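With the hints as extra help, turn the sequences into a complete structure.
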Amino acid sequence: MKNPFFKNTGPYNINDLLKSINLVNETNSDDKINDIKDISSAQSNEITFFHSKKYIDLAKVTKASYCITTEILKSYLPDNCKPIVSEKVLLVTAQITKIFYPDSITDNFDVSVENIDKSEFKEKVKFGKNVLIGKNVNIGSDCLIGHNTIIEKNVVIGNNCSIGSNAIIRNSIIKNNVHILDGCVIGKKGFGFFPDKNSNFRYPQIGIVIIEDNAEIGCGSTIDRGSLSNTIIGKNTYLDNQIHIAHNVKIGNNCIIAGQVGFAGSSTLGNNVMIGGQAGISGHLKIGSNVQIGGGSGVIKDIPDNTKVMGYPAKNLKEFIKDNR
Amino acid sequence: MKNPFFKNTGPYNINDLLKSINLVNETNSDDKINDIKDISSAQSNEITFFHSKKYIDLAKVTKASYCITTEILKSYLPDNCKPIVSEKVLLVTAQITKIFYPDSITDNFDVSVENIDKSEFKEKVKFGKNVLIGKNVNIGSDCLIGHNTIIEKNVVIGNNCSIGSNAIIRNSIIKNNVHILDGCVIGKKGFGFFPDKNSNFRYPQIGIVIIEDNAEIGCGSTIDRGSLSNTIIGKNTYLDNQIHIAHNVKIGNNCIIAGQVGFAGSSTLGNNVMIGGQAGISGHLKIGSNVQIGGGSGVIKDIPDNTKVMGYPAKNLKEFIKDNR
Amino acid sequence: MKNPFFKNTGPYNINDLLKSINLVNETNSDDKINDIKDISSAQSNEITFFHSKKYIDLAKVTKASYCITTEILKSYLPDNCKPIVSEKVLLVTAQITKIFYPDSITDNFDVSVENIDKSEFKEKVKFGKNVLIGKNVNIGSDCLIGHNTIIEKNVVIGNNCSIGSNAIIRNSIIKNNVHILDGCVIGKKGFGFFPDKNSNFRYPQIGIVIIEDNAEIGCGSTIDRGSLSNTIIGKNTYLDNQIHIAHNVKIGNNCIIAGQVGFAGSSTLGNNVMIGGQAGISGHLKIGSNVQIGGGSGVIKDIPDNTKVMGYPAKNLKEFIKDNR
Chain A
0 MKNPFFKNTG
10 PYNINDLLKS
20 INLVNETNSD
30 DKINDIKDIS
40 SAQSNEITFF
50 HSKKYIDLAK
60 VTKASYCITT
70 EILKSYLPDN
80 CKPIVSEKVL
90 LVTAQITKIF
100 YPDSITDNFD
110 VSVENIDKSE
120 FKEKVKFGKN
130 VLIGKNVNIG
140 SDCLIGHNTI
150 IEKNVVIGNN
160 CSIGSNAIIR
170 NSIIKNNVHI
180 LDGCVIGKKG
190 FGFFPDKNSN
200 FRYPQIGIVI
210 IEDNAEIGCG
220 STIDRGSLSN
230 TIIGKNTYLD
240 NQIHIAHNVK
250 IGNNCIIAGQ
260 VGFAGSSTLG
270 NNVMIGGQAG
280 ISGHLKIGSN
290 VQIGGGSGVI
300 KDIPDNTKVM
310 GYPAKNLKEF
320 IKDNR
Chain B
0 MKNPFFKNTG
10 PYNINDLLKS
20 INLVNETNSD
30 DKINDIKDIS
40 SAQSNEITFF
50 HSKKYIDLAK
60 VTKASYCITT
70 EILKSYLPDN
80 CKPIVSEKVL
90 LVTAQITKIF
100 YPDSITDNFD
110 VSVENIDKSE
120 FKEKVKFGKN
130 VLIGKNVNIG
140 SDCLIGHNTI
150 IEKNVVIGNN
160 CSIGSNAIIR
170 NSIIKNNVHI
180 LDGCVIGKKG
190 FGFFPDKNSN
200 FRYPQIGIVI
210 IEDNAEIGCG
220 STIDRGSLSN
230 TIIGKNTYLD
240 NQIHIAHNVK
250 IGNNCIIAGQ
260 VGFAGSSTLG
270 NNVMIGGQAG
280 ISGHLKIGSN
290 VQIGGGSGVI
300 KDIPDNTKVM
310 GYPAKNLKEF
320 IKDNR
Chain C
0 MKNPFFKNTG
10 PYNINDLLKS
20 INLVNETNSD
30 DKINDIKDIS
40 SAQSNEITFF
50 HSKKYIDLAK
60 VTKASYCITT
70 EILKSYLPDN
80 CKPIVSEKVL
90 LVTAQITKIF
100 YPDSITDNFD
110 VSVENIDKSE
120 FKEKVKFGKN
130 VLIGKNVNIG
140 SDCLIGHNTI
150 IEKNVVIGNN
160 CSIGSNAIIR
170 NSIIKNNVHI
180 LDGCVIGKKG
190 FGFFPDKNSN
200 FRYPQIGIVI
210 IEDNAEIGCG
220 STIDRGSLSN
230 TIIGKNTYLD
240 NQIHIAHNVK
250 IGNNCIIAGQ
260 VGFAGSSTLG
270 NNVMIGGQAG
280 ISGHLKIGSN
290 VQIGGGSGVI
300 KDIPDNTKVM
310 GYPAKNLKEF
320 IKDNR
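Protein chains in written order, with numbering that gives the first Met the number 0: chain A, 0 to 324; chain B, 0 to 324; chain C, 0 to 324.
For the record, the hints were derived by calculation from the structure and aren't laboratory data.
Be aware that one or more of the hints could be misleading.
Where chains are identical, the list cannot tell them apart; a pair therefore holds if satisfied intra-copy or between any two copies.
When the alpha-carbon atoms are kept at most 27 angstroms apart in a straight line, the in silico BS3-like pairs for lysine-lysine are as follows [as the list claims (entries may be wrong)]: (1) Lys249 with Lys121; (2) Lys87 with Lys18; (3) Lys97 with Lys81; (4) Lys81 with Lys62; (5) Lys18 with Lys81; (6) Lys134 with Lys121; (7) Lys307 with Lys321; (8) Lys196 with Lys174.
As the structure is a computational prediction, the values presented were derived from the model and not from experiment.
Here you go:
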């Protein structure tokens with residue numbers, strides 16, 4: 000699938016690509032590369048990366064023509080896929096992604112915006128004072144957009160949505176009947192970079208935010224877009240005020256998340272999950288469906304379906320109650 | 000007392016009211032109902048609700064003409080009060096409240112606002128650029144309102160108040176000498192609804208926010224209005240930045256609340272309470288006066304007067320120190 | 000050093016100064032006082048304060064002509080420094096600071112701002128809609144300032160900075176290549192005051208915020224300016240979203256601080272510190288270099304260099320893991 004919002008500046012010749020980041024091209028080839036994708040979605044004439052044994056099964060059947068990987072892992076790649084060997088797989092991946100998608104690195108303000116009353120949405124949308132709309136925006140029927148709100152470029156809003164005042168939205172797909180309350184910032188780049196003593200190297204964030212039907216996002220919440228995959232808020236899921244959702248988080252349907260909860264990157268939640276106020280969810284976790292997480296909990300391990308947890312670190316609720324009698 | 004801000008669309012005939020939410024009228028009566036109130040304040044020709052044994056004493060003497068309640072609890076009602084029986088008391092209450100107060104469900108942006116220099120406050124108030132003022136707003140003498148701030152409809156501001164920039168206020172009464180700093184959102188609807196698989200049913204929020212004399216609210220804080228009662232910040236109480244106060248919370252006088260503290264709904268605090276940064280207070284708790292709560296604490300039980308607590312869950316401070324030596 | 004931003008309304012005659020706050024002048028002198036400073040930086044014809052034995056070594060060699068101190072501590076002062084005795088040293092210090100710097104007490108919105116297209120920066124800066132610029136602002140080359148952002152008076156911005164939309168900055172020095180994301184509030188007064196039953200006495204906040212080269216501040220973060228010293232964010236330090244930094248905090252270089260972390264006042268961090276999401280750092284702590292603090296931790300003690308901690312209260316990481324097996 001083509002990236003919906005970020006402009007791919009490719010194709011690039013593999014030789015030029017590697018030279019520009021000071022890597023030697025040991026593949027002796029000279030192909031045109033169209034895009035960079037993750038290992039399961041990359042196609043012929045695309046480049047991917049493979050940095051952990053967790054992905055061996057996917058690597059064995061990748062359709063990518065090139066793969067950034069380590070000396071040890073390269074043997075798992077199929078014949079169609081030429082290895083680009085580096086001990087810094089993620090950094091090289093970031094460097095090449097940056098070449099394909101230079102716009103995804105920083106979130107400078109959108110210079111393309113115009114006041115909505117100069118836009119095609121003048122008649123269609125009910126809007127407040129000083130509403131700004133960027134390029135490549137689409138808005139459905141019966142939507143409301145509050146005062147001082149900025150819909151930057153690359154936003155799709157469905158029907159019947161209510162966007163509050165002082166909100167900022169970019170690089171996002173908002174489905175139908177969604178409520179986004181005052182002061183939210185949605186679709187900004189995730190907090191991803193490679194530390195470097197002089198100036199950190201920002202990781203490109205080419206994913207988007209998707210907010211499904213009937214969801215509600217509370218005041219002052221921040222939802223960052225994904226790096227290579229997307230950040231997703233499920234159907235009919237409600238978020239209270241001052242919630243922080245980091246990049247690549249995927250929240251299921253019918254979840255209820257109370258105020259000031261925070262998610263580190265790349266965790267997934269099932270459906271019907273309830274989370275009490277100020278709880279924190281670490282990165283790269285898998286939280287099942289029908290899970291209840293008590294207020295103030297710090298979740299640092301996966302949680303299976305139908306489980307109630309509480310505490311820091313979070314443990315089974317019964318155990319928490321017993322330990323704190 | 001009449002609701003100060005939300006328009007009561009009643010009276011409604013009790014028969015029509017119940018029919019419209021698919022309930023059978025077993026009372027065989029046909030009265031006009033003027034309003035919906037809680038069990039202690041409801042009067043003749045008003046409807047109330049009674050869903051928990053905690054309120055038996057109030058139920059026995061209610062002046063309401065009708066009461067939504069359960070098969071078991073209805074026997075406690077006095078003769079003047081006809082029961083409307085349902086096993087979903089709170090949902091039926093919400094449905095009927097929504098009929099009386101349809102404006103209280105959602106917080107779509109206020110279309111009634113005008114730039115302050117077109118309002119009656121043009122000369123009276125010292126204001127910044129792009130300040131918007133809604134209908135039914137009153138502002139006292141010697142007030143300051145910062146840039147881009149939106150005073151939506153239904154706001155009363157006393158004398159000598161300083162409102163910062165980028166703030167949003169609605170459905171609130173701000174008394175005298177109050178400071179509200181940049182980026183606050185005050186008076187939005189609380190996070191209340193009945194979960195429903197397709198689309199949650201939002202609970203009407205017909206309460207307001209009251210901020211008493213000399214209080215200060217830090218940057219980026221959110222204070223939600225009450226559902227049936229009000230959210231109150233006491234006299235000379237100071238809130239630091241990024242604090243979240245949920246609906247119906249009542250905070251006493253001379254309290255000091257540090258940054259990023261969060262309150263779940265309906266808790267009450269006495270006077271002279273000090274709360275350290277990032278502490279969280281669960282819902283429906285009673286915190287006494289002269290209480291000190293350590294930073295980062297998670298309070299899940301009532302706290303008596305003159306007590307120092309810390310920890311998650313919060314316990315007596317001495318015990319916390321002993322346990323963590 | 001002269002205060003860079005706050006106007007010193009002095010000099011004041013020592014006699015008049017003390018009389019205006021109802022203190023008796025027991026020094027029998029009548030000198031002009033030029034400024035109020037901390038005990039190590041105060042010079043001849045300036046006043047300082049000395050309230051704790053921690054500062055005896057500095058007090059013994061102070062160059063100040065006057066020092067607010069206690070009956071017990073006054074004996075440590077050198078001959079050049081006349082004691083002003085009070086048992087409320089900090090309150091008297093605040094009262095005198097307020098006389099010298101009346102503008103530092105409250106953060107009423109800046110009435111001096113103009114739209115940037117009426118300013119000297121019209122050609123030099125790339126800016127969005129509705130950008131406001133106050134007096135005494137300087138902006139370097141190649142800077143971007145987003146929509147609705149307010150640069151209030153007393154701000155210096157270096158070269159190559161990107162400021163997002165809906166941000167508010169005052170009383171701050173931003174160096175080069177700094178990124179400040181949407182909705183930040185930087186340079187507001189700290190949360191400092193003396194409790195008083197009727198109306199708290201606000202402590203003057205005459206420090207500033209300094210953000211060093213290559214730093215990044217995430218969306219919706221608040222960084223308060225210092226009271227007498229400054230609040231500092233080091234070089235190439237990255238802050239994620241919704242972070243709260245209280246007055247006088249000093250963060251070193253190359254630190255990485257995840258979302259919703261909070262700092263109480265006056266703590267210092269070394270270099271290369273990593274802090275996980277939602278961690279809280281109490282006030283007046285010294286955190287060393289190369290420290291790692293786990294997400295959700297509550298730090299209430301100093302942490303030496305090269306240490307990993309986690310927990311509430313935070314302890315050595317190995318111990319935390321052992322205790323929570």
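Unmet hints by their number, sorted upward, for this structure
Hint 1 alone not satisfied by this model.
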